[in-house]
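Student: Start from the sequences, fold in the hints, and give me the full structure.
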Amino acid sequence: MLALATACSNPERSPTTVPGARIAVPRDGPAGEWSMPAGDYSNSRYSELDQITAENVKGLHVAWAFSTGVLRGHEGAPLVVNNTMYLVTPYPNVSYALDLTQEGQPLKWKTRPENAQAATGLACCDVVNRGATYYDGRIYYNLLDGHTVAVNASDGTVAWRTAMGDLSHGETITMAPIVARGKVIVGSSGGEMGVRGWIAALDAKTGKQLWRAYNVGPDADIKAGARYTAFYPQNRGPNQGTSSWPGESWKVGGATVWGWISYDPALNLIYHGTSNPGPWNGVGRPGDNKWSAAIIARDADSGEIVWAFQPTPHDLWDYDAVNENILVDLPLGGTTRKALVHFDRNGFAYTIDRATGEVILAKAYVPMNWSTGVDLKTGRPVLAPDKVPAPGKKLSQICPSLEGGKNQQPAAFSPRTGLFYVPTNNLCMDFETRDVSYIAGTPYIGANAPEVAGPGGYRGEFIAWDATTGRKLWGVKEPFPVWSGALATKGDVVFYGTLDGWLKAVNARTGDVLWKFKVGSGVVGNPMTYLGPDGKQYVAVYAGIGGDMGLLIAGDVAANLPYDVRERGSTLPDLARWTSWGGELFVFAL
Amino acid sequence: MTTIERIAGAGVGLVALLALGEACRESRAAEVPQAPTQSSSAQPARADSAAPFVAHLEHIRPGQAPPRGTTMRNPYAGNAQAIATGAKLFVSYNCVDCHGADGSGAMGPSLADGRWHFGGADGEVFESIYQGRPDGMPAWGSAIAPNQIWMLVAYVQSLSAGKNVSVENFSGKTVERTGH
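Taken in sequence, the protein lines are chains U and D.
FYI, in this note's numbering the residues of the first sequence are 1 to 590.
FYI, in this note's numbering the residues of the second sequence are 591 to 770.
Keep in mind that the hints were calculated from the coordinates and are not lab data.
Glycine included, each C-beta is placed from N, C-alpha and C at the ideal position.
Wrong hints could be hidden among the right ones.
Unchecked claim - Only pairs whose alpha carbons sit at most 25 Å apart, straight line, appear in this in silico PhoX-like list of lysine-lysine: (1) Lys387(U) - Lys377(U); (2) Lys377(U) - Lys516(U); (3) Lys753(D) - Lys393(U); (4) Lys394(U) - Lys678(D); (5) Lys516(U) - Lys490(U); (6) Lys472(U) - Lys363(U).
Said to hold, decoys possible - What the simulated footprint calls covered on chain U by chain D, stretch by stretch (three residues with Cβ under 8 Å from a Cβ of chain D suffice, anywhere in the stretch; the number is not a length): (7) 109–121; (8) 435–441.
Claimed, not checked - Computed Cβ-Cβ distance ranges for the label pairs, DEER-style: (9) Gln117(U) - Ala751(D): 28 to 36 Å; (10) Asn239(U) - Ala751(D): 51 to 59 Å; (11) Phe517(U) - His707(D): 32 to 40 Å; (12) Arg236(U) - Ala751(D): 56 to 64 Å; (13) Asn669(D) - Pro218(U): 49 to 57 Å; (14) Asn669(D) - Ser168(U): 43 to 51 Å; (15) Ala751(D) - Gly137(U): 54 to 62 Å; (16) Asp99(U) - Ala751(D): 48 to 56 Å.
Tutor: Structure representation (structure tokens):
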């Protein structure tokens with residue numbers, strides 16, 4: 001049935017590079033550090049370290065490991081700054097500082113901020129935390145119960161703790177913040193709970209909120225004003241965030257910001273996605289439902305919308321647009337364009353002009369059938385009529401499933417090859433809507449959507465993508481959805497982890513699997529790399545299965561007993577054979 | 591925590607099921623449902639009919655007095671009609687999206703594996719629903735009428751009746767997983 005062994009050889013492989021493609025904002029600071037969630041503002045997840053190469057990576061071995069003490073989904077990655085490693089655990093969101101200069105990596109401090117217990121049952125998709133960011137002597141991160149904290153890197157004391165979310169309405173926070181021009185950018189989770197999504201900026205020094213923008217509602221609330229320029233005609237006119245919803249349904253319209261944030265200092269724009277609209281059953285919300293399932297560019301200082309684009313207007317499939325936006329400059333049509341590359345849940349990879357929001361290119365990067373393509377005149381997907389959910393319809397085999405062609409697992413980009421390295425899912429779903437009432441603090445969903453493996457029977461693939469042509473160059477098929485992020489390095493080795501617990505190194509040019517190691521639990525975190533005080537390159541990754549792949553609606557991770565390792569019944573009935581709960585950091589070196 | 595609000599244009603066809611329509615139409619504060627009467631098996635049983643049945647809507651916390659629920663009996667125990675209605679209520683009150691289809695577990699724990707964090711006796715399950723539980727189980731006592739809670743209890747208990755799979759054997763093609 002399913003090829004459980006790694007499919008290393010791939011006929012689609014043909015080594016190629018995209019000359020002239022480059023990271024928009026290469027990171028400043030030492031190459032050996034990793035100070036923000038994605039390594040840099042562009043979200044490239046690329047490191048200049050090159051000691052580990054395609055030739056020598058087979059000699060990689062475990063250097064040391066650290067137990068976080070929490071057995072839940074470990075998304076995100078640790079940070080390394082000033083020879084100190086900073087980790088944040090899933091709920092209860094403990095942070096640790098490890099001294100890398102001493103043998104045995106002793107703790108410098110451990111901090112456990114106050115964090116309401118009730119949050120654990122209100123988070124849709126496990127009690128994950130996608131990490132911290134470092135800025136000016138502090139680390140900043142979010143607590144599941146809706147607070148943002150600043151922790152002093154020197155001693156672990158909490159410099160400030162600001163209440164941002166409303167737990168009683170099901171608002172939690174799981175995303176990793178960034179700091180842009182002294183502002184900590186954070187956003188809400190709870191798109192499955194009928195919340196009203198927002199993004200906000202806090203003063204890094206004081207924790208005072210500087211601005212907050214909702215993503216649905218009147219122009220004043222969503223900060224659409226003088227600077228808003230719609231590239232496509234259907235997006236022009238005032239109050240798009242209310243006129244595209246019936247009545248006051250936007251008040252429970254979702255559009256949260258639980259994914260990754262990128263920042264272009266030259267344009268002073270931050271880029272973020274928004275989640276699905278609420279509820280999934282869309283019969284009660286005819287219209288485009290702006291700006292749910294959207295990519296939004298905002299002024300970092302004021303939060304004003306500069307442009308917005310909906311990959312999936314009037315989403316009926318739970319196709320959040322929260323996946324990362326990778327900022328690159330790409331050779332396109334004879335010139336170099338300031339681009340943003342986004343692998344959407346809906347299965348299309350978008351190459352977008354990051355100054356204007358124009359879609360330059362949109363091509364399927366995974367098997368899909370809900371849409372036949374994107375109309376570049378409007379940016380809108382062309383729907384396949386037999387894959388559009390409606391009350392009373394039992395739809396089968398919609399691809400991709402609600403987990404998307406890709407989910408939170410972030411892709412990486414290497415300027416050496418010009419390619420994107422993308423962890424993907426290959427899942428399809430049946431879909432049936434049902435009636436749903438809004439009850440504050442409970443899920444607002446209204447659909448059943450069991451999932452199965454997509455065409456070919458494999459359930460995930462790690463692919464290389466050329467964003468100038470919209471072509472997949474090679475892929476490594478995986479038995480399970482690839483729920484870990486990717487790391488690209490100057491040594492032309494790319495790393496990713498798997499749900500069944502492998503950390504793998506592949507050749508950036510050919511996709512050949514060069515090395516793999518079975519860690520203690522499934523990998524849903526993002527590998528990162530740093531230079532130790534001994535001058536050696538290390539690669540670190542969390543082992544700790546969890547996250548949404550296993551939890552949502554048809555879900556079956558009967559979650560809170562560590563010995564109950566149950567994953568999604570219909571989708572991954574075999575996963576429990578290959579891995580078990582964990583919460584550990586693994587660090588590798590040559 | 592369980593204020594129930596109606597947002598214009600947002601509800602998608604509220605299921606008219608028993609008193610559910612009423613319960614969801616307005617928000618309400620600390621309204622204690624009428625105390626179930628003692629005695630006969632047709633009525634919820636309780637030890638002390640003078641005081642309100644549960645005097646507080648707060649979550650119980652470790653260290654507090656143990657719940658009194660262990661002594662209560664479900665008037666609908668084993669009643670197929672009540673279990674069927676309980677199954678519908680389980681969907682209507684959005685229990686299903688936290689606890690998964692057939693209570694198999696999702697954001698909230700599985701209710702189908704025969705293992706209880708807070709006890710599986712009639713009154714214990716009643717109190718789990720009525721008062722809520724600390725890891726994010728909402729307190730429904732002010733929103734759901736006691737007789738409906740009892741139907742939910744009957745349904746929830748039926749999910750795990752006779753099940754307690756403690757071994758998962760991976761050598762065969764299919765695995766009977768604990769909880770199923």
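Student: Decide, hint by hint, whether the structure agrees.
Tutor: Comparing the hints with the structure gives:
no.	hint	verdict
1	Lys387(U) - Lys377(U)	holds, 23 Å
2	Lys377(U) - Lys516(U)	violated, 44 Å
3	Lys753(D) - Lys393(U)	violated, 34 Å
4	Lys394(U) - Lys678(D)	holds, 19 Å
5	Lys516(U) - Lys490(U)	holds, 19 Å
6	Lys472(U) - Lys363(U)	holds, 10 Å
7	109–121	holds (count 5)
8	435–441	holds (count 7)
9	Gln117(U) - Ala751(D): 28 to 36 Å	holds, 30 Å
10	Asn239(U) - Ala751(D): 51 to 59 Å	holds, 54 Å
11	Phe517(U) - His707(D): 32 to 40 Å	holds, 36 Å
12	Arg236(U) - Ala751(D): 56 to 64 Å	holds, 59 Å
13	Asn669(D) - Pro218(U): 49 to 57 Å	holds, 50 Å
14	Asn669(D) - Ser168(U): 43 to 51 Å	violated, 34 Å
15	Ala751(D) - Gly137(U): 54 to 62 Å	holds, 58 Å
16	Asp99(U) - Ala751(D): 48 to 56 Å	holds, 54 Å
Checked against the numbered hints given earlier, this structure breaks hints 2, 3 and 14; the rest are met.
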